[in-house]
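A.B. asks: Letter by letter, the chains look like this.
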Amino acid sequence: MKLDRRTVLKSMGAAVALPAIGRGAQAQATETIVIGGSVPLSGRAAETGLNVNNGYLAAQKFFNEQLNGVEIDGKRYKIDVRLFDDASDPARASTLIQRHLDDGVQFFLGSFGSNIVLPTAAIVERAGKPMMQTGGASDQIYTQGYKNIFCMFPRASRQLYNTIEYFKVLQPAPKSIMFAMANDAFSKTLAEGAIAFGKEKGLPINDIVTLPENITDASSLVNQIRSKKPDVLLATTHDQNSLLIARQLISSNVDVPLLYLSLGPQLKSFRDALGGYSEGLYFQQFWDERSPYKDAFFGSAQKFADYYRQHFKRDIAYHTASGAACIVAYVHAMKAANSLDPAKVRDKLATLDVESLYGRIKFTPEGDGDPVHLGSTVGQVLKGTAEVVFPEASRTAAPVFPAPKWAEKRRG
Amino acid sequence: MTMQTLVDGLVLGGLFSLSAVGFSLLFGVLGVVNLSHGAFVLIGGYAAYTLHEKLGLDPLLALPVIMLGMFCLGYAFQRSVIQWATKRASLLASMLLTYGFALMIRNALVLIYSPDFKSVTPAYAFDSLSFGEVTVGLTRVAALLVSIVLLAALAATLRYSNIGRTIRATAQQEQAAALCGVNIRHVFALTSGLSAAFAGAAGVAIGLVMPFSPPDETLWTVNAFVVVTLGGIGSPAGALVGGLILGVVNTMTAQLIGAAFPNAMMFLLLVLMLVVRPAGLLGNSFKGSR
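Read top to bottom, the protein sequences are chains F and G. According to the numbering used here, the stretch in the first sequence is residues 1 to 412, in order. According to the numbering used here, the stretch in the second sequence is residues 1001 to 1290, in order.
Next up, chain G with everything else stripped away, as it sits in the complex (with noise of 0.2 Å):
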């Protein structure tokens, strides 16, 4: 029964990882708290959702379309809208300014698409796979690959190819890099893509596994902040780690002490680690941790 719940914990860390990374990686470079990534989130899984309603195209399928999408809307969401916020007030604008466009990206999607649960169900949702006495999904299982493999990708491309280091080195010291050549705005909008894409992304292994509607952006968003402050800002390991961290320690909570008490013990974490480690367990010196 400990095997099935740790299982049945990372692949909900995994999801966790995923939804957070965008989140981390915004705030680590630019440190801009974005409180719209929930509702990025969301527009991910009712992508999938209307591409598997309307053209029959599996979620997983649908995925790369998804994460360009996003990536163009992050990118144009940070030329027209961030950058505005906090060229011409301050971060703590920019802060109510995402707020703001959670709330109406929230009421869009009400528009749009109701405010019933929607819920992504291809052929193999209720599948499952197992492993001795351990079965896990089939759903949960693509989930989790999805969210490893997408994150290991991201953190290739971060320490490997040139726009990677490009964005690290804003993200440690702007103006230093500003003067050796670098399109501050432009990176800072790659940025911004980036963390669409993969909250988009995010958007689709959440729709493959349960169903959603328009308020759970403030449910994402406030995982995000919980993961990134376990994990550490900035870096997919943290992302990664502080999102296996909390799934865990979610499943085991309702295992074991009780089924309403996870969200207790994650509030409890945070403010532990807050007091005791506050730049997260893979914490670095990025914009938003200092």
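Here chain F stands alone, though its shape is the one from the complex (with noise of 0.2 Å):
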């Protein structure tokens, strides 16, 4: 081949410009949407960080290869959720939001945790970007004023209206409720709002007990169930301080007629450790893999549940269900703005309301979750199963009150 002066140009020229072609063929083909966060995956709240964090995941992982991608404005789009693990560290979670600012992502996951969700948000709110989040509902992050937070749940102290209800529909009518609260924000604002909406129910609650945040020993709280003989304990404390609270109250033989534990008997491990003796346990339900829901992307919780089932080894839980919906809301307003602007995202967001896997996503003007469509149920474990018993619109199966005493239990 003869090498003249304007071949040699006309190669050089190609070499220059195939790679750019390439390039931005290929930009096209993977044109993502970020989404960045922190998650705990290590520390005091990674095992809830962990549901949530595999929720998030599992949400990606449909709509990238079930759906290859969203379509937003005539272009589709693979989402790329991008998280790091902030060790359960408010400090360590705000410099990781930072980072991903700094790196210009224009939307945001929460992590779990208010005491995480409230330094991020403040971050995210100041830099004018949309966060959706499942784990941080202390009444402190909706009375801020922000304009672009939105939680999967409502806000702590309007948590646990439905088990208020519940109470009072109750028969025999419970004489004495006694609450014990951890003494941590969430727990204390979860009860403390249980509290107000019960007294203004006009439910006798005569005792209420401050539990340290990380439990040690609940004897003193066994002794003064002990003694005060309450028909119903509704105890606002996390996982391992329930099961602590449930294993010394089964050892030194104290019944109560109606025991509620808010977080610990939805999870299969909590109620594997007590065995039998966890039939009958009340605690605060938020989302059962039966419920009717309907959902655009996945077409119903069942469907979601079986997916995640197929691809990930860890238990389902509702904040795995929560943390999908936190995505699928994204989609929804994304495709509703018909743009990926943040503010016109944030703006959809805000008026969204749409049946979803986990129920009906709508939020408050001040972003947390509707009380009525997004707010918990009263779960009951009967015959080894999370099952809802209130209200009867949810209902998959009838409530047992007062439930067994645990020398019933013990005989099998």
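These are computed hints drawn from the structure, not numbers from a lab. Every residue, glycine too, gets a C-beta built ideally from N, C-alpha and C. Treat the hints with care, since some could be wrong.
Reference listing, derived: stretches of chain F covered by chain G, where coverage requires no fewer than 3 residues with Cβ under 8 Å from a Cβ of chain G [claimed, not checked]:
no., region
1, 42-56
2, 206-213
3, 356-370
Simulated pairs of lysine-lysine, DSBU-like, Cα-Cα distance not exceeding 35 Å [as the list claims (entries may be wrong)]:
no., chain 1, residue 1, chain 2, residue 2
4, F, K188, F, K348
5, F, K268, G, K1054
6, G, K1054, F, K303
7, G, K1054, F, K405
8, F, K229, F, K199
9, G, K1054, F, K313
10, F, K168, F, K409
11, G, K1054, F, K409
12, G, K1054, F, K61
13, G, K1087, F, K383
Using the hints, build the complex out of the two chains.
C.D. replies: Below is the structure:
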């Protein structure tokens, strides 16, 4: 081949241009919507953090692999969820969120734990970017006037409204109700909201006990129950503390006709640890895969659960479903906005009202979940399974009250 | 009710004592503040959990095996890590090093066992013993007995056996002991082994009575620190007294003042003790208290 000046220049030009064309073609095929955030994969909040994390990742996997991404304004995008481990540390989470912002991330997912969500929400709000989250329900987050922070749960003080309504219709009506709350922001607000609403409804709330944030011994609570004999004990405690309380009540043979542990019995590991003694325990239940919810992408709550189990080993929990619903909410809002402009997506999130795998997604003007549509139901362990017993519309089984005594459970 | 609270406090105190004695021994003899002590406690708990879940072995029967394994781990830990740090740098360096190790162990436990809480539930986990109006869970009674027996055995070993005398001699005057032919490095490693073995035993006892998860390691290190400050450094009796006082103060505060206040009272006691009697109730002139 003859090499003249023109051929050499053409070849060089082609050599420079081809990779650039290639890069352009590649970028078009793999354009992404980056959604950043942090989750606690280690540290004290890691147990639920992993559930939230898996929910986010399950939705990402589903959209990218089953639906080949999402179409916004005529273009197809893959969803790129970028999560860091914040080690349950609010300071670390704040640094990581700032790093996402510095990297140009436009959409955010929340961590788990109000103490982490509160400072990170402040950073995201200042930057004017939306954050969908399922781990910060403390009232403090929704009384700051934030416009960009949305939560799949109602604020803590409104979460137990259904539970109070259930106590109101109990037969025989309880004569005395005891509250025990762990000394952390979420548990306290949860209990205080329920106490205020319960008193408004005329319930006999006679005793309120505050417990340390991390309990190594629940004997003082057990002794108070032994002497005061309440008909209902409602403890707003996290899983590990709930198990300790239940174990000490059982081994001390102290019965309560209705033992409600806000977190714990919804987990299979909790029910396995107590065996038959978990029968009849009440808890806060936000989601059940058997609920008849339809989802525009997954099909239904049940189909989401099936998809999750096919691809993840970790047991499914309501935080997994609510995590996935955060992505679903984003996709609905982006489609409605027909844009990836954070301000337009934020506006569509604020007015969103759609049915999803997690239930009907609708937010209050302050950004927390609508207490009716996204509020908790009353769960009860019946025949080893976590069932929904109230309200009747969501019921998967009839409630048992009073629950069998420990001695009866011991006999099997 | 007061008697029930007192008994609950003593049971809890037994756990505190057992979990602190290893920390106390290592501090007393080597002068090392082992910030990975709580992580060693948890390793014991997870070992009991694994043996119970996989082999169906009762935690109390698994106790000697776990203590032996932890002894070896503690021995190797001193010879390979702590000794290296104290020789090449300082005791402060060993503190930072053990803190780093605590973080590594915590995350390793997360990787192996997941961050989910675990609990050891043998067949008698929900049974109880009643003495008049006082009722105590069987696992709590078992944990208290394990604590008392092991602490008594350690006290007897330190007081009457040759190795116990060697450890005490090394703790009192390291150079003099070396001049008398004591292999100091071996004694240090033995002490570290004993410390880890007792931490492992505490983990088994804790696993019997309460659920645990990797982040709890901090709690057990802090508790050990408070117990040692109360009871005095380097002696099983000091750990026992400190632990029992802490346990009773804990339950009495919860009962009489409020369930949210035991931690506040615990640290108030710690500050008072540091001001009034820094060597602790049964403190001695071992390395850590000088």
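A.B. asks: For every hint, state whether the structure bears it out.
C.D. replies: Do the hints match the structure? See the list:
{"no.": "1", "hint": "42-56", "result": "holds (count 7)"}
{"no.": "2", "hint": "206-213", "result": "holds (count 4)"}
{"no.": "3", "hint": "356-370", "result": "violated (count 0)"}
{"no.": "4", "hint": "F/K188 / F/K348", "result": "holds, 32 Å"}
{"no.": "5", "hint": "F/K268 / G/K1054", "result": "holds, 19 Å"}
{"no.": "6", "hint": "G/K1054 / F/K303", "result": "holds, 34 Å"}
{"no.": "7", "hint": "G/K1054 / F/K405", "result": "holds, 31 Å"}
{"no.": "8", "hint": "F/K229 / F/K199", "result": "holds, 20 Å"}
{"no.": "9", "hint": "G/K1054 / F/K313", "result": "holds, 19 Å"}
{"no.": "10", "hint": "F/K168 / F/K409", "result": "holds, 27 Å"}
{"no.": "11", "hint": "G/K1054 / F/K409", "result": "holds, 26 Å"}
{"no.": "12", "hint": "G/K1054 / F/K61", "result": "holds, 34 Å"}
{"no.": "13", "hint": "G/K1087 / F/K383", "result": "violated, 61 Å"}
In the structure shown, a violation is registered for the earlier hints numbered 3, 13, in ascending order.
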